[in-house]
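J.: Line order of the protein sequences matches chains A and B.
When the letters of the first sequence are read in order and numbered with my numbering, they come out as residues 1 to 117.
When the letters of the second sequence are read in order and numbered with my numbering, they come out as residues 1001 to 1116.
Read the hints as simulated data drawn from the structure, not as lab findings.
Being a predicted model, the structure only gives us computed values, none of them experimental.
Hints are not guaranteed to be accurate.
[Claimed, not checked] Result set (DSS-like, lysine-lysine): computed pairs, CA atoms no more than 25 Å apart in a straight line:
id, chain 1, residue 1, chain 2, residue 2
1, B, Lys1044, A, Lys49
2, A, Lys22, A, Lys69
3, A, Lys77, A, Lys22
4, B, Lys1083, B, Lys1044
5, B, Lys1044, A, Lys22
6, B, Lys1044, B, Lys1011
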Amino acid sequence: AQSVAQPEDQVNVAEGNPLTVKCTYSVSGNPYLFWYVQYPNRGLQFLLKYITGDNLVKGSYGFEAEFNKSQTSFHLKKPSALVSDSALYFCAVRAGFKPGGSYIPTFGRGTSLIVHP
Amino acid sequence: EAGVAQSPRYKIIEKRQSVAFWCNPISGHATLYWYQQILGQGPKLLIQFQNNGVVDDSQLPKDRFSAERLKGVDSTLKIQPAKLEDSAVYLCASSLDPGRSNQPQHFGDGTRLSIL
Chain A
1 AQSVAQPEDQ VNVAEGNPLT VKCTYSVSGN PYLFWYVQYP NRGLQFLLKY ITGDNLVKGS
61 YGFEAEFNKS QTSFHLKKPS ALVSDSALYF CAVRAGFKPG GSYIPTFGRG TSLIVHP
Chain B
1001 EAGVAQSPRY KIIEKRQSVA FWCNPISGHA TLYWYQQILG QGPKLLIQFQ NNGVVDDSQL
1061 PKDRFSAERL KGVDSTLKIQ PAKLEDSAVY LCASSLDPGR SNQPQHFGDG TRLSIL
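Please model the complete structure; the sequences and the hints are all you need to start from.
T.: Here's what the structure looks like:
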């Protein structure tokens, strides 16, 4: 069975500092990896994805993520945090093909990012 | 483009009552998902449709939950009868797919269900 782990419930960072939100995964075969952000009382918004190719993926709002196959990780990063980046971040994986079906997405528990002024 | 529309935004019912949620996906999106998001947890897939066929419903509590997607567009999710543990946000999402799992999902703002 596939799974996603986000080991930190909360990440605190000062505005202007770099941030990292961690994600590790377990899956059969090659993973498709995604990061989403959720603001209060809103649905999830897509940030970026890794499908294949370059291990460093760039996405929306200055975020990027690095795929590391040997460590089965896909950490989200940003060089300089903004207060407006404060939100809930979810890592997701799709793999595990089911005959006659499609790839089923699995989400992590989420990490609350708090950026202090 | 218009996003995924969900209604109602909030619903409060008593246990053992029934409730229904509605979702209208982004035009042209073949795949539609219903998720349950309990407070403090990530979204859990309940059911996935591709056009009007069910792709996966392995995590749907079929004794009380049902969903349909008539004509491959709008979808409804129903709970009958509701239990206290059903209190959650129900998210609908859609994606271009089909069969191309590298497509991101587009989420609606969800329905917050409270069971008294």
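J.: Hint by hint, note whether the structure agrees.
T.: Hint check results:
Using a Cα cut-off of 25 Å, the hinted pair lysine 1044 of chain B and lysine 49 of chain A holds, with the two alpha carbons roughly 19 Å apart. For the proposed pair lysine 22 of chain A and lysine 69 of chain A, the alpha carbon gap of about 14 Å is at most 25 Å, so the pair holds. For the hint linking lysine 77 of chain A to lysine 22 of chain A, the alpha-carbon distance of about 9 Å falls within 25 Å, and the restraint holds. This hinted pair checks out: lysine 1083 of chain B and lysine 1044 of chain B have alpha carbons roughly 17 Å apart, not beyond 25 Å.
A C-alpha spacing of about 20 Å is found between lysine 1044 of chain B and lysine 22 of chain A, which places the hinted pair at or below 25 Å, so the restraint holds. With a CA separation close to 20 Å, the supplied pair lysine 1044 of chain B and lysine 1011 of chain B stays within the 25 Å bound.
Against the hints set out earlier in the document, no violation occurs for any number.
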